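K.L.:
Now for the letters of each chain:
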Amino acid sequence: MKMLFENHSFSTTRCMEFRDVTDDVRSTVERSGVSNGMALVYSPHTTCAIVINEKESGFIRDFETLVRRLVPQDASYLHDDLTLRTENLEDDDHDVPNGHAHCAQGLLASASQAIPIVDGTLQLGRWQRVFFLELDRARDRRVLIQVLGE
Amino acid sequence: MKMLFENHSFSTTRCMEFRDVTDDVRSTVERSGVSNGMALVYSPHTTCAIVINEKESGFIRDFETLVRRLVPQDASYLHDDLTLRTENLEDDDHDVPNGHAHCAQGLLASASQAIPIVDGTLQLGRWQRVFFLELDRARDRRVLIQVLGE
Amino acid sequence: MKMLFENHSFSTTRCMEFRDVTDDVRSTVERSGVSNGMALVYSPHTTCAIVINEKESGFIRDFETLVRRLVPQDASYLHDDLTLRTENLEDDDHDVPNGHAHCAQGLLASASQAIPIVDGTLQLGRWQRVFFLELDRARDRRVLIQVLGE
Chain A
1 MKMLFENHSF
11 STTRCMEFRD
21 VTDDVRSTVE
31 RSGVSNGMAL
41 VYSPHTTCAI
51 VINEKESGFI
61 RDFETLVRRL
71 VPQDASYLHD
81 DLTLRTENLE
91 DDDHDVPNGH
101 AHCAQGLLAS
111 ASQAIPIVDG
121 TLQLGRWQRV
131 FFLELDRARD
141 RRVLIQVLGE
Chain B
1 MKMLFENHSF
11 STTRCMEFRD
21 VTDDVRSTVE
31 RSGVSNGMAL
41 VYSPHTTCAI
51 VINEKESGFI
61 RDFETLVRRL
71 VPQDASYLHD
81 DLTLRTENLE
91 DDDHDVPNGH
101 AHCAQGLLAS
111 ASQAIPIVDG
121 TLQLGRWQRV
131 FFLELDRARD
141 RRVLIQVLGE
Chain C
1 MKMLFENHSF
11 STTRCMEFRD
21 VTDDVRSTVE
31 RSGVSNGMAL
41 VYSPHTTCAI
51 VINEKESGFI
61 RDFETLVRRL
71 VPQDASYLHD
81 DLTLRTENLE
91 DDDHDVPNGH
101 AHCAQGLLAS
111 ASQAIPIVDG
121 TLQLGRWQRV
131 FFLELDRARD
141 RRVLIQVLGE
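Protein chains in written order, with my numbering: chain A, 1 to 150; chain B, 1 to 150; chain C, 1 to 150.
Just so you know, the hints here were simulated from the structure itself, not pulled from any lab data.
No experiment lies behind these values; they were computed from the predicted model shown.
Among these hints, one or two may not hold up.
Now the stretches of chain B that chain A is said to cover, found in silico as 3 or more residues with beta-carbon under 8 angstroms [said to hold, decoys possible]: (1) 6-16; (2) 52-65; (3) 95-109; (4) 123-131.
Virtual Cβ for every residue (Gly too), placed ideally from N, Cα, C.
Looking at chain A on its own, in the form it has when it is part of the complex (with noise of 0.2 angstroms):
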């Protein structure tokens, strides 16, 4: 059995940025030496997400639309009243109110991406693009890429 893992860093640049890693994905796919098994996409922050689709700006802005409709940014979160909160208070961005992107990622309920490796190949389909969603704001962020197999 042959493993690979790597964290890559970076910093986002605004809410809703979909950061494309599907080359860091295709790389780490190709340094693991794997054939045939598995590569699993991570986000380890409570505010991101990991999707899979098409990278066209028009669906990007969509998707957007989409998201603070259903989720709207200013609406009133509890996770954002420090009046009341009393849990994680040493996290150091807790003065940002964020309420909008937890609600987001529990929406969208994807942490992780699976996708299949054959024969060296990444078994992404012909528009298939693995994006980093940032859905809080501007900060540093980690994707951590785990490839497994033989």
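We have chain A already, so just place chains B and C on it with the hints.
P.N.:
For chains B and C alone, coordinates are given in the frame of chain A:
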């Protein structure tokens, strides 16, 4: 290749209960002896989801509000209309309406979550916890944890 | 380590068709000879999802109603505005509007599902079936099934 499968049973107490199963997953990883690989956390139920997010009571109530707004519990669901229903009537519980819970599960589309394991450590982010989310009512439930790697 | 990868082709007949692929997955698991491990069920398309839920026609119609309410098919999507679009125009099908289908796929965020295998048995719950969900229109499609374990 090492593998360990565990089936953890418990009872939920109400709709939208977030049951924290992080320690169950961590202890299965420890018992497995797997240093590098992945943990698959799986719900075998059609009205529950596995969700990874922050354990903060404000967020948990915000998310309940969001799910109830998008999938109202008291709307009319064909799944609950026993005058129409011809399938799966051997389910002892089909007389308790839970069409909303099936729809919420479909929307989250999250029967499982997979998490990388590196150097014996589950790669959860600082604020991430793994939750078994009850979308139906108080019921006997199971979460399946499959660890594989080396 | 044992592995088996299969590519199953078929045609869908309409938007929101739930195609039951449970028997495809079970037969791939059988052919693989894997006793303990996992099955990864993957859609290589940007307008389809893999969903695990109950096979009950009331629920299936309820879910169609929900998706259409949250992501209206006849709303205006930038993805469908060919006067603006500059990317991926080599797609033969780009003249058929399917922005709603991309958005619904993004919302479900579910290109794949992973299911544990124990003692040669796929660990689906009593009421769980694995569906390939068509979010676009009648099209030629594929589902990829990757089984790995021992």
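K.L.:
Between the segment 95-109 of chain B and chain A, are there enough contacts, at least three residues with CB-CB distance under 8 angstroms, for the coverage claim to hold?
P.N.:
Holds: 3 residues of the segment 95-109 of chain B have a Cβ under 8 angstroms from chain A.
K.L.:
Does the segment 6-16 of chain B contain three or more residues whose Cβ lies closer than 8 angstroms to a Cβ of chain A?
P.N.:
Contact hint for the segment 6-16 of chain B vs chain A: violated, 0 residues under 8 angstroms.
K.L.:
At least three residues with a C-beta closer than 8 angstroms to a C-beta of chain A: is that true for the segment 123-131 of chain B?
P.N.:
This one holds; 6 residues, not fewer than the three required, reach chain A with a Cβ under 8 angstroms.
K.L.:
Given that the segment 52-65 of chain B was listed as covered by chain A, double-check it with a C-beta distance under 8 angstroms for 3 or more residues.
P.N.:
This one holds; 11 residues, not fewer than the three required, reach chain A with a Cβ under 8 angstroms.
Comparing the model with each numbered hint stated earlier shows that hint 1 is the single one that does not hold.
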